[in-house]
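Protein chains in written order, with the UniProt record's numbering: chain A, 1 to 293; chain B, 1 to 421.
Treat the hints with caution; some may be incorrect.
Quick list of in silico lysine to any residue cross-link-like pairs, SDA-like style, CA-CA up to 20 Å [unchecked claim]:
id	chain 1	residue 1	chain 2	residue 2
1	A	K283	A	L213
2	B	K239	A	Y123
3	A	K282	A	P207
4	B	K399	A	F62
Because the hints were derived from the structure by calculation, they are not lab data.
For clarity, every value in this text was computed on a predicted model and none was experimentally measured.
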Amino acid sequence: MKRQRFLGLAYLAPYVLGLLVFTAIPFIASFYLSFTRYDLMSEPRWAGLANYEKLLTRDRTFEKSLWVTLTYVFLTVPLKLAFALFIAAILNYKLKFINFFRTAFYVPSILGGSIAIAVLWRYIFASEGLANMGLGMIGLGPVDWFGDPTNALFTITLLRCWQFGSAMVIFLAALQSIDKSLYEAAAIDGASKTRVFFSITLPLLTPVIFFNLIMQMVQAFQEFNGPYIITQGGPLKSTYLLPLYIYDEAFKKFNMGYASAIAWVLFGIIMVLTLIAFWSSKKWVYYAGDKRS
Amino acid sequence: MKLKRFAAVLTSTALISMTVAQAASAAELRMSWWGGDSRHVATQKALEACGAKHGHTIKGEFTGFDGYLEKLTTQMAGGTEADIVQINWPWMPLFSRDGTGFADLGTLKGLDLTQWSEADLNSGSVDGKLQGISVSTTGRTFFFNETTFQKAGVAVPTNWAELEAATKTIKEKLGDDYYTFNAVKETAQLLVTLAVVQKTGKDLVDPETNRVAWTPEDLTAGINFLGHLVEIGAIRSQKQEASDGNVNLFEKPDWAAGKIAGSYEWDSTFSKYADPLQEGQVLKPFPMLHIEGAVTDGVYRKPSMLFSISKNSKNQEAAAQIVNCLLNEPEGIDALGTSRGLPSSKVAAERLAGEGEPEVRAANAIVVAASGPVISPFNEHPEVRGNFIDTLEEFAYGKISAEDAAQQIIDGTNDVLAEFD
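Only chain B is shown next, with the shape it has when bound in the complex (with noise of 0.2 Å):
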């Protein structure tokens, strides 16, 4: 009888330590995000799945792009940033100069590291500690309006000579304000940055000497590259963005209707792009376009984002689990879908294989399989962008020459450079 009770007791006991459990387990979670619709939508979703899956509750909270930055580092000062964090990749220095800006992804037990390939997991390292788990792959890449170069009978360019002649065409036919290609701010930024790669085949920053690797002649090249495609009016001169006033590529009336017919944007946003048109309107992925004798595709490709835990989180396992569903697990996976790009976790890329957009899939197969030099994260330190945005305006406006313009923004870069010697 006492051994009856005896049983009867430890079982209670049992249950309840396991219901209890299971109650501190189940956590209440932040996690931030940049990024535009189809992906909001697409988080949302699997954050309800994960989190229905392991009994945690998750609070998104998102953004685009512009702000984000800053939201999150007064966040980060203030140790106050979401339990999941999306990082942009050359943001690590700043964040986690010593590897103690978050928390370290290698010590908890709930993501399966397995799924990275080696060189993954050292692009989120910092002195050993992981600090974020990369979650796709990302480039820039070409994007065309296939409808407009079909009205005016002429194919999609395969060099920039070719988009030279189309131009030409497509405004005898369509009409003057009709334009085949865009760049304005870091677009312009890396489209000059395109065309310096292809002819020299080197990045902006030599990573031996840390200092600016093209010379000024290269870089007036490249200026002046883009001074040309004003001039034969394949993009919208600076002049002419800015009395849109400061209005996103997306949402531009004549992005939706066609009157500007390409880009070069990562490959990831391909639906933030394609979803704005007009009916009838197709959008697509092409391959590299190439200025006379290149040397190489001269691909900007990177880590795209990284997912980070804050190492402020009093629910870092649980936070754990919650990257790993989005990324390893059938739930996660199929909700995310390709959103953020194409999965650098190996189960998720299997999962996927031969799902999710097309055209996403096809620009991110561009991407990578594109040549070009290492790309050094300094190409988006803030000040040597800044720099480098604003010259470029200076010279869009007739303020300096070509000439000038290079020499600026190779000085500015040094400078920059310099401090981190």
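Pulled out of the complex, with its shape left as it was, chain A reads as follows (with noise of 0.2 Å):
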């Protein structure tokens, strides 16, 4: 008995160490270093609460950048949640080689978050690009894909929403387990394709939507690849997420004091949409077996 709860202990140790020193002391430590002034190469000084004042009275760099990252979230993940249902909901269907299909759609979300990846994203859409000559070959005038301020965000929003695999997989297995009878039911009711869709596909698919609402939000707000190899947040800043201004400042300005209390801010708007999510699902996720039902 002893034996084998030492056995377990030892299975665990790796995970717990890892998190421990990966996750859990960094994410103390730099709460603590939000209150200092600190270069990396000197000793951390206290600042108390300065670090905050500056970032929330008097940064106009981070209030850009912060509505750059709300306009970017805002956009991919709506954008992405609802082209992924789409193309999992083809993909339900009994079409020939649709175990390629589902595949061939999975495998850019493997890809997507690679450097490669933002590499040849830069390549598409410079001005001389795919893109362009695709629309050059339909007719259609070159756009300006990253020069132009108000296109760069969406370029780079684009690539975020190309990488709906993970959300699709989810969505498809969602949609698989849905109770066929429930179908049988409304067609001999002769309910149309979209009322079974919105009166029953959607409401038996919310705590999935919501699961991939939360998810989809927490890992838009965190996009770093996409826009340093890109666009570097330009041009004017239009790019210019939270996780690369946080970079800037710790890593190319040295500020490391600065940029832990960019990061907890930017922790504590996940932290408040997340809570607004889970409050606001009581009024739309609909779970099976609930006595609401």
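Using the supplied hints, reconstruct the complex from the two chains, each of which is provided in its own coordinate frame.
Next comes the structure, spelled out in structure tokens:
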């Protein structure tokens, strides 16, 4: 018994150690550092609330970056979820080569986070890239994907939406678990396909939509690779998401304390939005077996 | 008999100790640097040769310039930097404010310091401790693609007025998509700096007051100078540059094809810009172009990169042997060649006299011969540079006037300088 307990702890140890060293300690340390001035090379100096005061009252770059980040998240998350659900609904039909298509649509989400894909994206949407060549072939003029501050954020958003595979797989699994008898009953009642989708499919998918919403929102707030490689936050800081600002403050200007304060404000925003999502879920998420049903 | 046995034991002991000593001195080292392909290849060959000579193995850790500082800073904070580290001169105050950031090279026996001038040794010292040894002196100079100018039947310009005239002819003869010059990000900053320094003879920072030496009017004229070059089509606009995404000049197809026919770059990076050119395109270094009424060449010259040895290295003497080999011994000198510009070490400079790429020599000769004020490391302070470049971008997109941009740059720079009072 004692030996088994030891064995269990031994199995747990690597994970617990990893969690402590790579997550818990840096997490707590960054909270402390957010109240200091720290340039990495010398000891942190206590600064009280100075970093937060500057951040929330005087920092125009933070204001701009926060606005860009919120725009990015509110554009990306609904677009990606809608697209993932749309493709999952198509892939739910019994078509020829369906497994091939399922794999093909999933692949971008495996590749999507990589640097190589961001570089590829940069070449596709460059002024003389594939996207503009395609537009030219159908008689349309070129679009300034990166040079125009309004378009640049949208182009970065497209990259994120293109990585819809993981959300799609979850939707697909949920779609397949919906009881077929419900559809049969609706068919007997003569319900149209649109009605079936909105009255049966969508309500039964709400727990999965909720899950995907939270996951995608958290990931979108942390986006870094795409804008860093493709635009470096430009032009005119139109793609300067908060993680880029944190990175610049920490590793280019060596203001580790200030960077930690930005990170904690970002954490606070994600936390608040997640809590709002949880609170609102009581009103729109349907769980089978729920007494309200 | 006893004596013989004693002698035999003594000899064997001596032999064993020598073997052990040899094995102990054979160190496994790491060296990190930034650069382009030609530098990576040359440095790896040099490390192999020096490693073989001194019985050490050295693992190279190399990247491009982008991201190198961030990586090195993280390593320095964690004490995991390589044994031998290539650093940029303006980073010295960051990594070694009081002369304790790196090993004191003056105390290591393996390095022959008599090969450097007093000025070179001073430039790498903090509080009397030698924190880095100068590899070369570098500066910005002009590179022009001769082929493009020849195709249009015009001479390579010797001043900005001639560049303006050449731009007009090139666009007429070769097409509107041809540009005679390039200025993005820090190159734009340094081009504006060049214009102001040529006009005023002063560096950005006044060493006496530790504040910006230029007046808002001086800087406004410099910013307008950059704006004029964009207006006449000599330089692509910031918006056009942004349209390509974040791509280095030497990676651009238009550079390779000669459609961007010039730039203002570090002398030591000549190969990085010449290598990607399409066959038949010829790139050459040229002396500084002058604005009207220039009082100096305005060269932006500084000690180039330094080699430092980590204070955390367990093999500092072995690392010093390798640094000495790279910079002072034939094996290292021959393999490195001019991949880091023309060397500061006297013995290396003598050995490479007449060798190496003639264009790199020519570029370095231009930088060394040109006149200009002593430049402050604050020109490359991350916050000063960030503010300068961001403000120029706002000006380029028409968000602010040249006057407001000048004031914004001066105010931002003075804020940073005030932190060092």
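Here is what the structure says about each hint:
1. K283(A) - L213(A): At roughly 15 Å apart (the allowed maximum being 20 Å), L213(A) and K283(A) satisfy the hint.
2. K239(B) - Y123(A): Holds - the C-alpha atoms of Y123(A) and K239(B) are around 16 Å apart, at most 20 Å.
3. K282(A) - P207(A): holds, 11 Å
4. K399(B) - F62(A): Holds, at about 19 Å.
When held up to the earlier numbered hints, the structure conflicts with none and fits them all.
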